[in-house]
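Hey, can you work out the whole structure from these sequences and the hints?
Chains as they are written, first to last, in our numbering: chain A, 1 to 346; chain B, 347 to 427.
Treat the hints with caution; some may be incorrect.
To be verified - Straight line, CA to CA, 16 Å or less: simulated EDC-like cross-link-like pairs of lysine to aspartate or glutamate:
1. K301(A) to E399(B)
2. K301(A) to D404(B)
3. K289(A) to E249(A)
4. K296(A) to D320(A)
5. K296(A) to D402(B)
Everything labelled a hint here was simulated from the structure, so no lab data went into it.
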Amino acid sequence: MGKEQKIKCVVWDLDNTLWDGVILEDSNVVLKQDVVEIIKKLDERGILHSIASKNEPSLAMSKLEEFGISEYFLYPQINWNPKSESIKNIAKSINIGIDTLVFVDDQPFEREEVNFVHPEVLCIDALNLEGVLDMPELKPKFITEDSKIRRQMYMNDIKRNNIEENFSGPHEEFLASLNMKVTIAPVQENDLQRVEELTVRTHQLNTTGYTYSYEELDVMRHSDRHKLFVVGLDDKYGTYGKVGVVMLECVEDVWTVKLLLMSCRVMSRGIGSLLINYILKLAKENNVKLMAEFVKTDRNKMMYATYKFAGFTEYSVEGDKVVFEHNLSNIQDFPEYVHIKTLETV
Amino acid sequence: MEIAQKVSGFLTRFFRKYELGRDEDIFSLGFVNSLFATQLIMFLEKEFDITVEPEDMDLNNFRTINAIVEFVERKKVAINN
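Below is the structure:
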């Protein structure tokens, strides 16, 4: 991936970073307009924001509301704990890798503390924000429909998660209450940017981590040797956007799943097994042999479990690369808690 | 609480209307999907402080309550040694 954009969230300090002054000393702090501009620009690019501030939570939050910018920050951490802790909590709450965070603070001590505990977090001096908007790590190659509404989608997730935590019945009953609608459709030209973005952004729920360029994907879209699907998810709280990609390589009577990935926002929604069911049924209908490639990383073992629990067995293992096969017997029905719409292959 | 009770308690969330025997084949009941897989693995790792490695993901390790208990005990012994 090299220099491609990989930062998903910027974590901001408050005193003398987001505003001039120390709010506990004088509540008439002055918002730094240039910082707000940066936040808004990055938000439009689909980059999220959060806060790690040592402060009085109610005081700081009401100031953010007064400034009218509180809705920009997901899971703000305003407390007296070490900022490395706050950073860890943010990554965990959003469910993204800690190496996709940037931390901005005016205090060298805080940056060093975060850097000591999490060397993979990029720390930036709040007094030196010039050029930040031009950093390649903060410049997605494309701004997709999904990136523009990313913050809103995460806000919907927070709502859902609160309800899920307070839901006492079995998980599947909770899922049924969401009224989920999954769409599996062949990739169209206007999906290509999002599909490329998903291959680059997705690490946990990704079977191989293979990435393909826009151009390569566009070729596959038209090729008889490939089937390329994009998966959308909606529920009663709104859209999750396009959240998954499946790519099959079809060589004569053997189909191989080269790519099966989902955004981590749909973890625990049962989408993985649903997609596998779909692939199994499709392979069976077409009377072909089904294989699946898997490349182990330090993050994607849940996808290994997904294949194994779906009845795939190891055909060959070479280092980190595993090739699975499936005998296409015992294919389960689609779960009842979700409505599925599939569009014909073009 | 013993391991079997905790595992059984977790499984009740998935098999609520069904009293699962300790040697009963979970996979034959047709409830097994990626949702179950991820939740089971996350539960075992958190509850018993073990790490389920890809090579542990053999269905036979998770086929019955007793098999899961044996698996957890094996992993715990491996950690203590």
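Output the numbers, in ascending order, of every earlier hint that fails for this structure. When the structure is compared with the hints, none of them turns out to be violated.
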